[in-house]
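Trainee: Below, each chain spelled out in residue letters.
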Amino acid sequence: MDRYFKAEIKGNYKVNPTTAVISFSPKEGVQLPQPGQFYMIQVSKGIDPLLKRPLSIFSIKDQCIHLLYKIVGRGTECLSKLPLGETIELIGPLGIPYPTPNGEFIAIAGGTGVASIHGLIERFSQKAYLFYGARSVEELIMTDSIKNLSYQSFFSTDDGSYGIKGTVIDALDRVDNLTMDVYACGPHLMLSAVINWARQRGLRCYVSLEEYMACGVGACLSCVVRTNDGLKSVCKDGPVFNSEDIVW
Amino acid sequence: MDRYFKAEIKGNYKVNPTTAVISFSPKEGVQLPQPGQFYMIQVSKGIDPLLKRPLSIFSIKDQCIHLLYKIVGRGTECLSKLPLGETIELIGPLGIPYPTPNGEFIAIAGGTGVASIHGLIERFSQKAYLFYGARSVEELIMTDSIKNLSYQSFFSTDDGSYGIKGTVIDALDRVDNLTMDVYACGPHLMLSAVINWARQRGLRCYVSLEEYMACGVGACLSCVVRTNDGLKSVCKDGPVFNSEDIVW
Amino acid sequence: MVNLSVNICGITLKNPVMTASGTFGYGEEYSEFVDLNKLGAIVVKGISLKPKEGNPTPRIYETPCGMLNAIGLQNVGVEEFISKKLPFLRQYDTPVIVNFFGDSIEEFVETANALNNADGVSALELNVSCPNKAAGWSNFGTDEVLMSKVIIAVRRVVTKPLIVKLSPNVSDIKRMSVISQECGADAISLINTITGMSIDIKKRRPVLANNTGGLSGPAIKPIAVRMVWEACQVVRIPVIGMGGIMTAQDAIEFFIVGARAVAIGTANFVNPRATLDVISGLESFLINEGIQDINSLIGTLKLHERTTCN
Amino acid sequence: MVNLSVNICGITLKNPVMTASGTFGYGEEYSEFVDLNKLGAIVVKGISLKPKEGNPTPRIYETPCGMLNAIGLQNVGVEEFISKKLPFLRQYDTPVIVNFFGDSIEEFVETANALNNADGVSALELNVSCPNKAAGWSNFGTDEVLMSKVIIAVRRVVTKPLIVKLSPNVSDIKRMSVISQECGADAISLINTITGMSIDIKKRRPVLANNTGGLSGPAIKPIAVRMVWEACQVVRIPVIGMGGIMTAQDAIEFFIVGARAVAIGTANFVNPRATLDVISGLESFLINEGIQDINSLIGTLKLHERTTCN
Ligand SMILES: Cc1cc2nc3c(=O)[nH]c(=O)nc-3n(C[C@H](O)[C@H](O)[C@H](O)COP(=O)(O)OP(=O)(O)OC[C@H]3O[C@@H](n4cnc5c(N)ncnc54)[C@H](O)[C@@H]3O)c2cc1C
Ligand SMILES: Cc1cc2nc3c(=O)[nH]c(=O)nc-3n(C[C@H](O)[C@H](O)[C@H](O)COP(=O)(O)OP(=O)(O)OC[C@H]3O[C@@H](n4cnc5c(N)ncnc54)[C@H](O)[C@@H]3O)c2cc1C
Ligand SMILES: Cc1cc2nc3c(=O)[nH]c(=O)nc-3n(C[C@H](O)[C@H](O)[C@H](O)COP(=O)(O)O)c2cc1C
Ligand SMILES: Cc1cc2nc3c(=O)[nH]c(=O)nc-3n(C[C@H](O)[C@H](O)[C@H](O)COP(=O)(O)O)c2cc1C
Ligand code: FES
Ligand code: FES
Chain A
1 MDRYFKAEIK GNYKVNPTTA VISFSPKEGV QLPQPGQFYM IQVSKGIDPL
51 LKRPLSIFSI KDQCIHLLYK IVGRGTECLS KLPLGETIEL IGPLGIPYPT
101 PNGEFIAIAG GTGVASIHGL IERFSQKAYL FYGARSVEEL IMTDSIKNLS
151 YQSFFSTDDG SYGIKGTVID ALDRVDNLTM DVYACGPHLM LSAVINWARQ
201 RGLRCYVSLE EYMACGVGAC LSCVVRTNDG LKSVCKDGPV FNSEDIVW
Chain B
1 MDRYFKAEIK GNYKVNPTTA VISFSPKEGV QLPQPGQFYM IQVSKGIDPL
51 LKRPLSIFSI KDQCIHLLYK IVGRGTECLS KLPLGETIEL IGPLGIPYPT
101 PNGEFIAIAG GTGVASIHGL IERFSQKAYL FYGARSVEEL IMTDSIKNLS
151 YQSFFSTDDG SYGIKGTVID ALDRVDNLTM DVYACGPHLM LSAVINWARQ
201 RGLRCYVSLE EYMACGVGAC LSCVVRTNDG LKSVCKDGPV FNSEDIVW
Chain C
1 MVNLSVNICG ITLKNPVMTA SGTFGYGEEY SEFVDLNKLG AIVVKGISLK
51 PKEGNPTPRI YETPCGMLNA IGLQNVGVEE FISKKLPFLR QYDTPVIVNF
101 FGDSIEEFVE TANALNNADG VSALELNVSC PNKAAGWSNF GTDEVLMSKV
151 IIAVRRVVTK PLIVKLSPNV SDIKRMSVIS QECGADAISL INTITGMSID
201 IKKRRPVLAN NTGGLSGPAI KPIAVRMVWE ACQVVRIPVI GMGGIMTAQD
251 AIEFFIVGAR AVAIGTANFV NPRATLDVIS GLESFLINEG IQDINSLIGT
301 LKLHERTTCN
Chain D
1 MVNLSVNICG ITLKNPVMTA SGTFGYGEEY SEFVDLNKLG AIVVKGISLK
51 PKEGNPTPRI YETPCGMLNA IGLQNVGVEE FISKKLPFLR QYDTPVIVNF
101 FGDSIEEFVE TANALNNADG VSALELNVSC PNKAAGWSNF GTDEVLMSKV
151 IIAVRRVVTK PLIVKLSPNV SDIKRMSVIS QECGADAISL INTITGMSID
201 IKKRRPVLAN NTGGLSGPAI KPIAVRMVWE ACQVVRIPVI GMGGIMTAQD
251 AIEFFIVGAR AVAIGTANFV NPRATLDVIS GLESFLINEG IQDINSLIGT
301 LKLHERTTCN
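Protein chains in written order, with this note's numbering: chain A, 1 to 248; chain B, 1 to 248; chain C, 1 to 310; chain D, 1 to 310.
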């Protein structure tokens, strides 16, 4: 098992003006990633930016691993400029994946949280009731292919430019008989609301968290979150947690 | 006059494994460079490496300015990886050019000093007696086209792998009746020898110097050389000096 | 239109963006690239009583996201500065601040006196912090007693605004800031370069002929922001912040922690118009954020409450 | 074959490359990437008497060629360290050096005592220099008197080799080095991180929840090389150098200025095998330069004579 490796960039294309997908082949013999896991990916060939960036498994298809990323700062900006054929370093797959759904499940994605959720519904396609929310239609990606992946899908935007006007919670509230396990990835505020929503209904809820990361392997202690069992590393003990374990 | 400008890279090709030529169009309305002048050229799109690098005018041809550079460190390494079409910043043309030769002249190039000397003989072609020395044939560039540019050309290599075995001084000593002005660019030791050689024969001698540079415009005082008239900036008062003015 | 004008110890600046001493020559060198009338102030290369030749070359070396310099304070001396360099600067409607230093307290005082009497000098910046001089000298900036003595001595002869430029090579920048204020500084500026060294591993020699040099550029920005923030917490006098500023965004960090003005140093070498780019970027930022006046951005840092568990 | 082995206060290291405390966890975290038997020594995360939770997040932030961290010394406490972490490390034939700290001199001493008695601990590294604790605490590393007191107190109970890890946030690293030696340190290590700050200009808040943090990475390398050089000039005890080492070339700078060993910190995050890459790069360098023994590279710096003109 060799989770620190070099890979050639096989694709690095924008899916909208601020979001791109980067693709590479997994190394032979290396553990294949599971939905919910992530890679630490090199973003520049030099020493600035220095640290690798954490990106979730978006898709495993055509013998390639695909990571979807939003261009939000210096690191992702650099990443978006790396040409095809360039060789970059990766560490991964890292972290605890989503537990395998037993039967149908509710998948909730907010913003770029869709990257991780996409990895999940791609694997357990046709069992997912997807709720995918964003600020506006411009920030929703690949709605058609995502629709095809899931059994049912419900979109929401804050401004009503696509799907329901409102949050994913508003969308959830409109659907009856949602009594399956919940899987969610998105911004902190959304996750809090989702956890609340699930708790009220007595549903099991798994959430994928984000914290600033340096090492990705549990060594630097930069990415901690408080749990009932003390502080845990999001990179190693997560990023997926049972919502009941988290103390926010 | 606008000597700080952006230009698109029109060419960036290796002429041998450790030497490349980068090309760009001069900005409209900007002063055209003279042989002996140089540009401060951006080598990376980020902030590391930070400083621009000084490179001499190698050639002005096909509406383009060409700079020849040897890949010796972090900066020139980055430069060699910039793709065509990329826009980079330049400051220049900077510094005092070679004085216009009155009649025939002796042009002496050592190592990458050929960049600056090439700019000179290209402009005053057929008047140049060129002496071009390097460690070995692998380090000599474009010997054929350089031969064609000059009236006569004499090559020397330390190991005898091309031209005479020995230094440019050895080559100079083999030719009779060299009584013209001398123009030289190359490593410190070679320039010292050339200055000595010219002095013994009472020949006027212009040398182009190198010092580590930050600003290129005389502001930071990093590139000084001692002259009879006190310290001078190589970037602003040079890089070309009359050898009799320099106190080494 | 937003207001960019700030007041530093009685001098009104059109905007809070200056040049950092030693990185903008005597102004003239960059006048082709920058309309000097557009600058908040021009701070010129450090001046001494007699002309100085400085250190041997190499005087600079590039390091990760920064550079080392050991120019060694080469300058034309105060007499030639006043007769040859100042007349050019007087043409402009921009305050000129003269950075100066000496090898002894007497030299500091004599130079200060000459500059204080010179027409066209708006303020003096006392440089106690250049780390490139022979042993002992740099103590002016790191030894509290020596620093106090030189500030007090200079203050006695200087009627113009006096800015003290602090060294970052100290354990306690707050203390040095307070001492400067107590000894009579009208403002403080920081940070100067941080002493560093790089080695040519083939030759086993320092890359700089002076062995050590001062580190500047983006690499030091987090240290500079921290020190400026610390200084702003303890002094009443204005603080001029610098260290690694490349963009308006960088400058804004300094304003937020409390700097009344900023200076652009190494960035000038990379982009001769860096000062102007910072000024226009600052203006856009204020407009976008709906801030009318730069003065209402200054010192608006909200700290996180310390919630360390144990 | 060249000799890479060095001796640090009685401990023989296979090679002079260690991990820097806090950047390699308790060793286990990187054991998948690095054969721990190949390392010169493993220096573990700073340990305190009781478990610590450290600071709120965000605890790290990237800066130009570097990073700020304010982990706040989260650790499992000395008891759990000995019972749960040490057994894993004992499997390896590599010296384990334990970095430790306390909130009071008593805590320093008690922790030192427990570690001194623990089987499988080769040496102790006294951390007086972490800048992330509440005001007052950091004085252990910057106040000479406090630092002397803690070293002397710890020395009294420690029979194993004692390394003192110095803070770079001081005016005079030579003085702190000499004091450490005089107070009984068997070796010193430097530099720890330099206190820095970055601001989120939209929120007008520090990016780190702890407001300030420690700067590490390539950005600080020239400062680290200078300080290690200064320290090596004044002490007889071995010096362990660190700060911004990414490659063997970087490490060699530290050896040339006099470091007997080096530690790799931030580089581990970027390249989990950075330590091994430095070791093999070091070996190649020695072979290429025709040096038989790393010990004949150490301290071979040739300074430039100072030829400043005036
Ligand atoms: C486990 C995990 C999985 C992630 N998966 C994805 C994904 O699939 N797609 C995607 O677009 N984004 C994902 N993110 C967020 C992504 O890592 C950040 O957007 C990215 O690191 C920003 O880097 P930057 O340099 O462009 O931004 P800057 O803001 O310039 O970054 C500065 C520093 O902050 C860190 N940082 C900034 N934002 C975040 C963040 N949200 N989380 C962690 N560190 C951050 C960066 O790593 C860097 O060290 C994930 C984060 C985590 C922790
Ligand atoms: C006026 C002038 C004209 C030049 N013209 C040419 C040319 O046409 N072709 C060419 O190949 N080279 C030329 N050089 C040398 C060229 O600038 C350096 O080789 C280049 O800067 C090295 O950069 P680096 O980052 O690759 O090397 P590094 O050694 O990694 O550079 C580190 C630092 O040292 C500086 N530096 C290193 N070597 C030199 C040097 N010889 N002169 C000045 N600064 C140096 C760099 O600018 C940088 O700041 C010229 C130098 C000067 C001063
Ligand atoms: C080449 C160079 C020369 C400098 N000369 C002086 C000087 O003469 N006097 C002074 O007070 N500071 C001098 N400095 C320090 C700068 O004014 C500034 O304080 C420092 O470089 C940090 O800012 P920066 O990172 O923006 O460059 C010099 C800096 C550089 C890089
Ligand atoms: C995330 C992180 C945690 C650290 N924790 C400790 C620590 O617990 N004890 C200590 O003495 N130093 C600690 N350090 C400092 C490092 O050991 C080292 O001295 C410093 O980072 C400089 O080296 P570098 O630039 O190679 O990282 C830490 C550094 C980082 C980046
Ligand atoms: S990123 Fe280092 S512990 Fe999680
Ligand atoms: S490079 Fe700045 S003065 Fe010559």
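Derived by calculation from the structure, the hints in this document are not laboratory data.
You may find that some hints are simply not true.
Said to hold, decoys possible - Taking CB as the label site, the calculated pair distances span: (1) C:Asp277 / A:Glu28: 43 to 51 angstroms; (2) D:Asn116 / C:Val145: 48 to 56 angstroms; (3) C:Asp277 / B:Leu84: 24 to 32 angstroms; (4) A:Gly73 / C:Asp293: 41 to 49 angstroms; (5) D:Glu106 / C:Ser148: 44 to 52 angstroms; (6) B:Ser25 / D:Lys202: 47 to 55 angstroms; (7) A:Lys6 / D:Lys202: 52 to 60 angstroms; (8) C:Gln249 / A:Gly11: 49 to 57 angstroms; (9) B:Ser25 / C:Asn116: 48 to 56 angstroms.
Claimed, not checked - EDC-like, lysine to aspartate or glutamate: derived pairs with alpha carbons at most 20 angstroms apart: (10) C:Lys174 / D:Asp143; (11) A:Lys70 / A:Glu138; (12) B:Lys232 / C:Glu305; (13) A:Lys232 / D:Glu28; (14) B:Lys165 / B:Asp176; (15) D:Lys50 / A:Asp229; (16) B:Lys236 / C:Asp293; (17) B:Lys81 / A:Glu138; (18) B:Lys14 / B:Asp176.
Claimed, not checked - Which residues of chain C face chain B? A few of them, derived with a C-beta cut under 7 angstroms, are: (19) Glu79; (20) Ser83; (21) Pro87.
All residues carry an ideal CB built from backbone N, CA and C; glycine is no exception.
Trainee: None of the hints should be skipped; say for each whether it holds.
Mentor: Cross-check of the supplied hints:
1. C:Asp277 / A:Glu28: 43 to 51 angstroms: With Cβ atoms ~49 angstroms apart, the hint holds.
2. D:Asn116 / C:Val145: 48 to 56 angstroms: Between D:Asn116 and C:Val145, where Cβ atoms are some 41 angstroms apart, the hint is violated.
3. C:Asp277 / B:Leu84: 24 to 32 angstroms: Taking Cβ atoms as reference, C:Asp277 and B:Leu84 lie about 27 angstroms apart, which means the hint holds.
4. A:Gly73 / C:Asp293: 41 to 49 angstroms: Check failed, 29 angstroms falls outside 41 to 49 angstroms.
5. D:Glu106 / C:Ser148: 44 to 52 angstroms: violated (37 angstroms)
6. B:Ser25 / D:Lys202: 47 to 55 angstroms: Because 39 angstroms falls outside the window, the suggested range is violated.
7. A:Lys6 / D:Lys202: 52 to 60 angstroms: About 36 angstroms separates the Cβ atoms of A:Lys6 and D:Lys202, which means 52 to 60 angstroms is violated.
8. C:Gln249 / A:Gly11: 49 to 57 angstroms: violated (32 angstroms)
9. B:Ser25 / C:Asn116: 48 to 56 angstroms: holds (51 angstroms)
10. C:Lys174 / D:Asp143: holds (14 angstroms)
11. A:Lys70 / A:Glu138: holds (12 angstroms)
12. B:Lys232 / C:Glu305: Violated, because 55 angstroms separates the two Cα atoms, which is more than 20 angstroms.
13. A:Lys232 / D:Glu28: holds (16 angstroms)
14. B:Lys165 / B:Asp176: holds (18 angstroms)
15. D:Lys50 / A:Asp229: holds (17 angstroms)
16. B:Lys236 / C:Asp293: This hinted pair is violated, its Cα atoms lying about 40 angstroms apart.
17. B:Lys81 / A:Glu138: violated (34 angstroms)
18. B:Lys14 / B:Asp176: It is violated: about 36 angstroms lies between the C-alpha atoms, which goes past 20 angstroms.
19. Glu79: violated (15 angstroms)
20. Ser83: With a minimum Cβ separation of about 16 angstroms from chain B (threshold 7 angstroms), the hint on C:Ser83 is violated.
21. Pro87: violated (18 angstroms)
When the structure is compared with the earlier hints, violations turn up for hints 2, 4, 5, 6, 7, 8, 12, 16, 17, 18, 19, 20 and 21 and for no others.
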